[in-house]
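What follows is the residue order along each chain.
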Amino acid sequence: MSELLLLLISTALVNNVVLIKFLGLCPVMGVSRNLESALGMGMATTFVLTLAAAASWMLEHWLLVPFGLEFLRILTFILVIASVVQFTEMFVRKTSPGLYQALGIYLPLITTNCAVLGVSLLNVQQAHGFFWSLAYAFGSAVGFTLVLMIFAGLRERIALSRVPAAFAGAPIAFVTISLLALAFMGFSGLNV
Amino acid sequence: MGLMEKIFTRSWGVHPRDYKRPAADAPVRVMPMPERLYLSLAQHLGAPARPAVLVGQKVKKGEKLADPQGPVSAAIHAPTSGVIAAIGEISAPHPSGLPVQAIILEADGRDEWSDALTTCDNPLGLDPDEIGRRVADAGVVGMGGATFPSALKLSSSRKAGVTTLVMNGGECEPYLSCDDRLMRDEAETIIDGIRLMLHATGAKDAIVGIEDNKPEAIAAMRKAAAAWGDVRVRPIPARYPMGSEKQLVQTLTGREIPAGALPAAVGVVVHNVGTARAVSEAVRLGRPLVSRLLTVNGGCVVAPGNVVAPVGALVEDVIAFAGGIEGSPARLVMGGPMMGVSLPHARTPVIKGTSGILALDAAQADDRREEACIRCASCARACPIQIMPLEIARHIRGNDLKGAVGLGLKDCIACGCCAYVCPAHIPLVQYFAHAKGTLAAEDRARQKAEATRKLAAARSERLAREAREKAEIAARRKAEREAAKAAAAAQSAGGMSA
Amino acid sequence: MMAVLTLTLLGAALGLALGIAGRLLAVEADADVARLEALLPGTNCGQCGFPGCAGAAAAMAAGDAPPSCCPPGGKAVALALAEKLGVSLDLSSVLDEGPKLAVVAEDLCIGCCRCLKYCPTDAILGAPKQIHNVLKEACTGCAACVEHCPTEALIIQPMPVGWQHWVMPKPAAA
Amino acid sequence: MNADAYHAARIFAAPHAHGGGEIRRTMLRVQLALAPATLFGFWLYGWPAFFLWLLTLFFAQVFEVMSLRLTGNAGQVGFLGDGSALLTGWLLAMTLPPWSPWWIGALGAFIAIVVAKQVFGGLGQNVFNPAMAARVALLVSFPLQLTAWVVPLPLSGLDAPGFLDGLRITLGQIPVPDAMTSASLLGYAKTELSRGLGLAQALAAGHAPQLSWLGVRAGSMGESSALLILAGGIFLLATGVIRWQAPLGVLAGTLVPALIAHAVAPETCLDAASHLLSGALMLGAFFIATDYVTSPATGTGRLVFGLGVGLLTWIIRTLGGYPEGVAFAVLFMNALAPLIDRGIRPRILGRTRSGQPIRNAGK
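Chains as they are written, first to last, in our numbering: chain B, 1 to 192; chain Y, 1001 to 1498; chain U, 2001 to 2174; chain G, 3001 to 3363.
Hints in this document: simulated from the structure, not taken from any laboratory.
Incorrect hints may appear among the rest.
Unchecked claim - Only pairs whose alpha carbons sit at most 20 Å apart, straight line, appear in this in silico PhoX-like list of lysine-lysine:
hint: 1; chain 1: Y; residue 1: Lys1402; chain 2: U; residue 2: Lys2170
hint: 2; chain 1: U; residue 1: Lys2117; chain 2: U; residue 2: Lys2129
hint: 3; chain 1: Y; residue 1: Lys1454; chain 2: U; residue 2: Lys2170
hint: 4; chain 1: U; residue 1: Lys2170; chain 2: U; residue 2: Lys2075
hint: 5; chain 1: B; residue 1: Lys94; chain 2: U; residue 2: Lys2075
hint: 6; chain 1: U; residue 1: Lys2136; chain 2: U; residue 2: Lys2117
hint: 7; chain 1: U; residue 1: Lys2075; chain 2: Y; residue 2: Lys1402
hint: 8; chain 1: U; residue 1: Lys2170; chain 2: Y; residue 2: Lys1448
hint: 9; chain 1: U; residue 1: Lys2129; chain 2: Y; residue 2: Lys1410
hint: 10; chain 1: Y; residue 1: Lys1448; chain 2: U; residue 2: Lys2075
hint: 11; chain 1: Y; residue 1: Lys1436; chain 2: Y; residue 2: Lys1448
hint: 12; chain 1: Y; residue 1: Lys1402; chain 2: U; residue 2: Lys2100
hint: 13; chain 1: U; residue 1: Lys2100; chain 2: U; residue 2: Lys2129
hint: 14; chain 1: Y; residue 1: Lys1454; chain 2: U; residue 2: Lys2129
hint: 15; chain 1: U; residue 1: Lys2100; chain 2: U; residue 2: Lys2075
hint: 16; chain 1: U; residue 1: Lys2117; chain 2: Y; residue 2: Lys1470
hint: 17; chain 1: Y; residue 1: Lys1223; chain 2: Y; residue 2: Lys1159
hint: 18; chain 1: Y; residue 1: Lys1410; chain 2: Y; residue 2: Lys1436
hint: 19; chain 1: Y; residue 1: Lys1436; chain 2: U; residue 2: Lys2075
hint: 20; chain 1: Y; residue 1: Lys1402; chain 2: U; residue 2: Lys2084
hint: 21; chain 1: U; residue 1: Lys2170; chain 2: Y; residue 2: Lys1436
hint: 22; chain 1: Y; residue 1: Lys1436; chain 2: Y; residue 2: Lys1402
hint: 23; chain 1: Y; residue 1: Lys1448; chain 2: U; residue 2: Lys2100
Claimed, not checked - Residues from chain Y shown here face chain U by an in silico Cβ test under 8 Å; the list is partial:
hint: 24; residue: Arg1234
hint: 25; residue: Gln1430
hint: 26; residue: Tyr1431
The C-beta atom is built at its ideal place from N, Cα and C for all residues, glycine as well.
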């Protein structure tokens, strides 16, 4: 139990999927303009990541390995991820039209969020068991959501700052996230 | 303030240097009647009054010049006897200096009271509604500066069933001392007015809150109130904005007024001590509100002090009477320095709510360049209603008015504490005033859009109906013609067959 | 062979699942146009170049018109539309000089009554051979009447601001 | 002059009075509070420390003025400006190894002033503490230079460098002899632990925490004397420049876990006094975590912020890869500050915490 907790902390902070592994930067830059949509995006991605990790584990262990089809891994994983994203999109559209509008193109783009595929593949690579895979995916997603929300909070503040015209918009966002990555480096080597 | 207190207490408000003395200790001077008076038709909260006199008409002191228009409005009376010279525009006592409709009265120098005034020797025997009526007839409005029609406040308090009458003798604004002076000199009249207001509102008791930096006023009021069990005088700590309704009620009664509600929501009604005096004068002597005590003060005033000035006197006349100006004033302010309005020039009239006229020198006005906010949050600590001025101003700066409202912009009482303490000299109150004004303008635009949308819909409906009617008429005509034709054909056919 | 079969089956299974989910989570075609139209002034003045406010709303919903296409609406309407449409709006592109008003030049008006029938809000009062007048409360400043006046007696002016409605200027940012 | 000659220069909004507070004065007070510890640092580490301090301040101000010129905001307040850049440079100099070469100071000043502050729009607009951002960037980029702590000279047998030698050390012409460098207490503890030694054994040899109060030991100027830093902090508290929430939070955030951990595992966890008196904790508590711009605006928010800084510092020091964690902890909490500000707001008078008007409880 405590090992699972440590895994969560480790994946969320020490090996943060965004700031240390540099996966899933597109939605972090794209959907961090305000906190509400960042939270929505984080939850949607958490859902997709965890579900995709579960589905891909089952796919890997019940289909690909028994039939010797490992070469289809990336293809089938993407298929599963795309379906989960499609489902999430329908769900969000039905339950929260406002969030659906706010997330815009970035919602279907979760499909191409490399963090999702990356985590699924890492799970296979590191030969995690089923629950371990789930925890690993969930921890990564929590780390993703954490960074997304912190970054959204910072950008909300910066949006009202007197940023020089040359740096307004994307440049200042990159400067900010680089400094944020510096802050996360403090966790490197954390013995948990 | 002790060191530990300074470090650990969460205190609202500010302790500005008050500049009240020596003006407060100088005896009251009565200003001679100027040759012309300019009576703004909008000198109270609500709709402007409607003139009830004609140009050239002779009036006596205390005669009604303008009637209230609508439920929230107040009558205006002649401050002296004379002739109506004109009804026209004059620069409003307002930062914009935009014109306002005014009755211009040429004084005849005799200053004769009208002989139609209704006096009353036993006003406590009157019906409470009758007191309200007489107060309304006298055009009494709140003298603290908000100028809400007092009669309306009396009657609505009665309806709301308030139990406590809080009398505002706080006078927390620096420089001003007219309420202080009034309480020292006319405590008996004020107490009488308070007792009339108790009668009119149905409240059980009255608490007079006076800041503890006015010991003479406290003593005078205590002495005058000693005879009455239902009027208590309570010293309160001197702190700005103690005279603000929410803060005063909380300090005196411990009750917190809900946001957006009147004090009546907690069973309290608040009146200014100056209003009590005006009520007493109106009911006992039948005298309408035609003059008031105001403080002339500031570094550029030669002889600061309190002056009885007729409503409608020009600011420049009042200042000239008070000894005139020395040096060049950095700002001319009507009201107190924290919430008063800066005047564009001195050719603007005194109104019923004018509690002071200040000619501030450069050091007092402290007009410095705005720097960037360093988020020190001094403003948030000073804010008596505990909003976050720094955050709200940031949103307004970035044109995010919706965000500003979400942070409590509409709760702001514009007391000015935030801007007073800001080390970056950010004009926070100006940001808030701008935002509130813009939101109000948007509201008006929205209401107008609603109205015009209805008009447009009515018009297209009318056009459709007209077209339909035209078509019906055409169809009927056609049918008639065809019927006639058919009849004719039948006739001719019949004729043929016959 | 096995690979093809697996992929086909997988695809079919996921497709079926999504199809069912699509049924269960169906969202009715949203009433975008109606919601947009509700935000417009509704005077059908035609300044946007579309046939009436309904036309403009349809064009905006289809993305053929920017949210700033309504001149009488000004900044407020443009902002509301942009929010509904979920697009960001460059406020500098919106020409908003504040509310406007049509005014009759009394020395030019010949009382021909031609303008009356073009006013979308019936804001012009007038009888034949009488100088016309514009009802301030009803006029939206849409300028539909201007071109129909034979003597150019109708002028669009900014709405005069009284001191009660005066807005404190925003501090000049340091 | 007569009143009728008066014409308002422009539209003035209320209030027409001011309490007299000034940004420049606030900055000056903080600098004053830093002075005793700094002077002590000069005495302790000699001329190189002074030159590094001077150069860092100089470069900070140069970069500030240059940036203001470039963004068109220059010349409004004179060369010294509001004093904020000098303060940033000063704080940075306090955290650097005192014998660092000049370019460490210059680069640090560049990162602090240009990258972490002016790019965001200058004073008040930055989201990360400039001095700490620069310190972390330097530490990550030049770990060797940033951990070369010299032994305090008054106690060492070596002669203190003179004016010229000091200048040459700062200019990088004379390498700092190995014999004169030593690990800071936290670094030493970390290395010894990684070598498998217990703390009791490791600390027996010469590192006495009691010295921390006086500060006569290897380290930066900012950690040299906890006592003088504390005195500066109390001065700031007394003058109302800072308030108690953030410092208390930082100290408590480190103290509590340190006490517990040391009681449970004295061999692997440093004692509380060492934690409190070493590294940049005191400086961080009173001078860094109290930075208005990058910390939350409410008292409660600042307490939470401080607790976070303190706790993260302890975690990084005890469990992490770096011996010192104040700078990282501050940066991380800086990033959280906007969220804390959104979450913790004072209750508006007449409203409940959720923003609804209160019910008439008083009636």
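Right, here's what the structure says about each hint:
1. Lys1402(Y) with Lys2170(U): Holds: Lys1402(Y) and Lys2170(U) sit about 16 Å apart, inside 20 Å.
2. Lys2117(U) with Lys2129(U): holds (16 Å)
3. Lys1454(Y) with Lys2170(U): Violated - the C-alpha atoms of Lys2170(U) and Lys1454(Y) are around 33 Å apart, more than 20 Å.
4. Lys2170(U) with Lys2075(U): Holds: Lys2170(U) and Lys2075(U) sit about 16 Å apart, inside 20 Å.
5. Lys94(B) with Lys2075(U): Measuring from Cα to Cα gives roughly 32 Å; hence the hint is violated.
6. Lys2136(U) with Lys2117(U): Roughly 17 Å between the alpha carbons, so the hint for Lys2136(U) and Lys2117(U) holds.
7. Lys2075(U) with Lys1402(Y): holds (14 Å)
8. Lys2170(U) with Lys1448(Y): This hinted pair is violated, its Cα atoms lying about 24 Å apart.
9. Lys2129(U) with Lys1410(Y): Distance of about 51 Å is beyond 20 Å: violated.
10. Lys1448(Y) with Lys2075(U): Holds - the C-alpha atoms of Lys2075(U) and Lys1448(Y) are around 15 Å apart, at most 20 Å.
11. Lys1436(Y) with Lys1448(Y): OK: Lys1436(Y) and Lys1448(Y) at ~18 Å, within 20 Å.
12. Lys1402(Y) with Lys2100(U): Not OK: Lys1402(Y) and Lys2100(U) at ~25 Å, beyond 20 Å, violated.
13. Lys2100(U) with Lys2129(U): Violated: Lys2100(U) and Lys2129(U) sit about 26 Å apart, past 20 Å.
14. Lys1454(Y) with Lys2129(U): Roughly 29 Å between the alpha carbons, so the hint for Lys1454(Y) and Lys2129(U) is violated.
15. Lys2100(U) with Lys2075(U): With a Cα-Cα distance of about 13 Å, the restraint between Lys2100(U) and Lys2075(U) holds, given a limit of 20 Å.
16. Lys2117(U) with Lys1470(Y): At roughly 17 Å apart (the allowed maximum being 20 Å), Lys1470(Y) and Lys2117(U) satisfy the hint.
17. Lys1223(Y) with Lys1159(Y): violated (32 Å)
18. Lys1410(Y) with Lys1436(Y): holds (8 Å)
19. Lys1436(Y) with Lys2075(U): OK: Lys1436(Y) and Lys2075(U) at ~17 Å, within 20 Å.
20. Lys1402(Y) with Lys2084(U): holds (15 Å)
21. Lys2170(U) with Lys1436(Y): OK: Lys2170(U) and Lys1436(Y) at ~11 Å, within 20 Å.
22. Lys1436(Y) with Lys1402(Y): holds (11 Å)
23. Lys1448(Y) with Lys2100(U): holds (12 Å)
24. Arg1234: violated (36 Å)
25. Gln1430: holds (5 Å)
26. Tyr1431: holds (6 Å)
When each numbered hint is compared with the structure, violations occur for hints 3, 5, 8, 9, 12, 13, 14, 17 and 24.
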